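Asker: Taking the hints into account, I'd like the entire structure generated from these sequences.
Below are the chains, spelled out letter by letter.
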Amino acid sequence: MVKVRLLVGTHKGAFVLTSDERRRDWKVDGPHFAGWDVYHVKGSPADPNRLYAAQSRGWFGQVVQRSDDGGATWEPVGNQFQYEGATSTHKWYDNTDHPYELLRVWHLEPSLTDPDTVYAGVEDAALFRTTDAGKSWEELPALRTHPTASTWAPGAGGLCLHTIILDKDNPNRIVTAISSAGAFRSDDAGNTWRTITKGLHSNYIPDPDAEVGHCVHHIAMHPSRPNVLFMQKHWDVMRSDNSGDSWHEVSGNLPSDFGFVIDVHAHEPETIYVVPIKSDSDHFVPDGKLRVYRSRTGGNEWEALTKGLPQEDCYVNVLRDAMTVDSLDSCGVYFGTTGGQVYGSADGGDSWNAIVHDLPAVLSVEVQTLS
Amino acid sequence: MIRVELPANLRTLANVGRVVELGVDGPVTQRSVLDALEAAYPMLRGTIRDAVTHKRRPMLRFFACEEDLSDQPLDSPLPEEVAHGREPYLVVGAIAGGCLR
Numbered sequence: 001m002v003k004v005r006l007l008v009g010t011h012k013g014a015f016v017l018t019s020d021e022r023r024r025d026w027k028v029d030g031p032h033f034a035g036w037d038v039y040h041v042k043g044s045p046a047d048p049n050r051l052y053a054a055q056s057r058g059w060f061g062q063v064v065q066r067s068d069d070g071g072a073t074w075e076p077v078g079n080q081f082q083y084e085g086a087t088s089t090h091k092w093y094d095n096t097d098h099p100y101e102l103l104r105v106w107h108l109e110p111s112l113t114d115p116d117t118v119y120a121g122v123e124d125a126a127l128f129r130t131t132d133a134g135k136s137w138e139e140l141p142a143l144r145t146h147p148t149a150s151t152w153a154p155g156a157g158g159l160c161l162h163t164i165i166l167d168k169d170n171p172n173r174i175v176t177a178i179s180s181a182g183a184f185r186s187d188d189a190g191n192t193w194r195t196i197t198k199g200l201h202s203n204y205i206p207d208p209d210a211e212v213g214h215c216v217h218h219i220a221m222h223p224s225r226p227n228v229l230f231m232q233k234h235w236d237v238m239r240s241d242n243s244g245d246s247w248h249e250v251s252g253n254l255p256s257d258f259g260f261v262i263d264v265h266a267h268e269p270e271t272i273y274v275v276p277i278k279s280d281s282d283h284f285v286p287d288g289k290l291r292v293y294r295s296r297t298g299g300n301e302w303e304a305l306t307k308g309l310p311q312e313d314c315y316v317n318v319l320r321d322a323m324t325v326d327s328l329d330s331c332g333v334y335f336g337t338t339g340g341q342v343y344g345s346a347d348g349g350d351s352w353n354a355i356v357h358d359l360p361a362v363l364s365v366e367v368q369t370l371s
Numbered sequence: 001m002i003r004v005e006l007p008a009n010l011r012t013l014a015n016v017g018r019v020v021e022l023g024v025d026g027p028v029t030q031r032s033v034l035d036a037l038e039a040a041y042p043m044l045r046g047t048i049r050d051a052v053t054h055k056r057r058p059m060l061r062f063f064a065c066e067e068d069l070s071d072q073p074l075d076s077p078l079p080e081e082v083a084h085g086r087e088p089y090l091v092v093g094a095i096a097g098g099c100l101r
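Note that the protein sequences, when read in sequence, are chains A and B. Once you know that position 97 of the first sequence is 97 in our numbering, the rest is easy, because the numbers rise by one and skip nothing. Once you know that position 84 of the second sequence is 84 in our numbering, the rest is easy, because the numbers rise by one and skip nothing.
The set of hints was computed from the structure by calculation and includes no laboratory data. Keep in mind it's a predicted model, so treat the numbers as computed, not measured. Any given hint could be a false lead.
[Said to hold, decoys possible] Facing chain B, from chain A, some residues (calculated, C-beta under 10 Å):
#1 Phe33
#2 Gly35
#3 Trp59
#4 Glu75
#5 Gly78
#6 Asn79
#7 Tyr83
#8 Leu102
All C-beta atoms, glycine included, are put in the ideal place defined by N, C-alpha and C.
Answerer: Okay, here's the thing in C-alpha cells:
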C-alpha cells in the first residue's frame, strides 16, 4: 500500500504526518525534540526509513538526529561542525569583518544514492558532508573560501546556506544558495564553485552586474531537467535554462513577486508553485488571502489557487523550505505556515485541506512517497 | 554521587529527569563533572560546552551553593557539598535571549 509521510520541522519540535494514497486522513506523530527549533527533516532517497533532522536552540547549539525506522525512534549523532583551516571572515551588517561562527544547520540534503551520505547547509554559510550517517561532519571548504566569500553579508535571517540541489544524472554537480550572498554551482563535487547570478538584479545593490549580494530565498529543480532552475529571490521569481549560467525574470502577473518558497510539480516540469508574500517589510500574504500561485508555463502566467485556503483575515508567512511535492500520479503539494498550519493538495493544487491547524510555526516540510 | 541539574531542553535531549547522578573519579571540579556528564550522556556533547572550542556556551551559566561559578577556573575544586552530593551542580539557561544575534 502506498503511504505518504510528511516531515515537518517547527520552532518547537518535529512532527511526522502519515496518510495513504488518498491523502484524506492523516495521523500526526510528535512533537519529536519538543521545545527545540527543527529547521529541517529529510529522508534518504536511497533508504526512506533513514531520516535526518537538524535540531537547534540558541542556548544549546546544534544537534543532529537520525532515525532508521521512519521517524518512530531517533538517535542523536555527531554535532561537531568545524570550519576547515584558519578562521575566515564575512561582512557584518555594519560592513565590518566578522569571523565565521557556526550557529545552526538550516538544511540537510541526503545523497541520492547513499543513505550514509548527507550534505548540510549551515549558518554562517558553509557546506558540510557526512559519509558515516552523521557520526562525523567535514566541511567542503571551497565554497566558504570562494574569492567572493569575504564580502558576503547576512540577510535578516542570517548568513545561511539553505538550498542544496543534487543532480541524479551528474553526481559532480551541486547547486547551493546562500542568503544574502547568492547562488553557486560546483561541477566537480564541491571542489570548486562559481557564482550563478548573471541576470539577477536587486534594488538594494547599486551595481547592476553585482556577482554576489543577492538574497536568494530558494531554488527548485525538476529531476528530469537539471538544467532548468527556478528561483524565488527576495523580490523576483527567476528562471534559468542553463543551470544557472544566466537568469531571466518570470514573475509575470503575480500579485507580489516577494516570497520564500518555490517548487516544481512532480510530473510536469513546467508547472511551478509559489506563495506570494506582500513585501519584505510585511512578511505575510497579500490582502489577508492565502493563495498558492501555479504556473503551467514555467513562469510568467500564473493562476491563483484558493479552494480550501483562507481568503480573509489571514496573515501568515510560508518559509523557504516549507513547500514540497509528492510523486503520486495525482501530484500532492504541501506547505506549512508560520501560523502552524500544514496544507495539502492531492490534486496538484486545485483544492486544499488543512492537515493540521495548530502546530508551532512551521519551518520546513518535506514529503516521502512510500510504496 | 554528584548531582547535576539540567535545564528542560537538555533533559528532553538526554531523556532524563531534572537531576542526574554521576560518579566522578578524582578531584571534583567543573571540568571533571562536565566530562563525566558528557561521558554518561554523549548526546549532550556540544550543548553545554561548544563542540569545537569546548568553551561554555554563552547563554548558559553554572551555579552551585548559591554561587555563580561560570567564570571560575574549570579545574578548581567544587564545594564539598557538591562533591558529596548534598547540593546539586546547576546548569542554568538564560531566562532571556537564546538567539545569539
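Asker: Hint by hint, note whether the structure agrees.
Answerer: Do the hints match the structure? See the list:
no.: 1; hint: Phe33; result: holds, 7 Å
no.: 2; hint: Gly35; result: holds, 5 Å
no.: 3; hint: Trp59; result: holds, 4 Å
no.: 4; hint: Glu75; result: holds, 8 Å
no.: 5; hint: Gly78; result: holds, 9 Å
no.: 6; hint: Asn79; result: holds, 5 Å
no.: 7; hint: Tyr83; result: holds, 8 Å
no.: 8; hint: Leu102; result: holds, 7 Å
No hint from the list above goes unmet by this structure.
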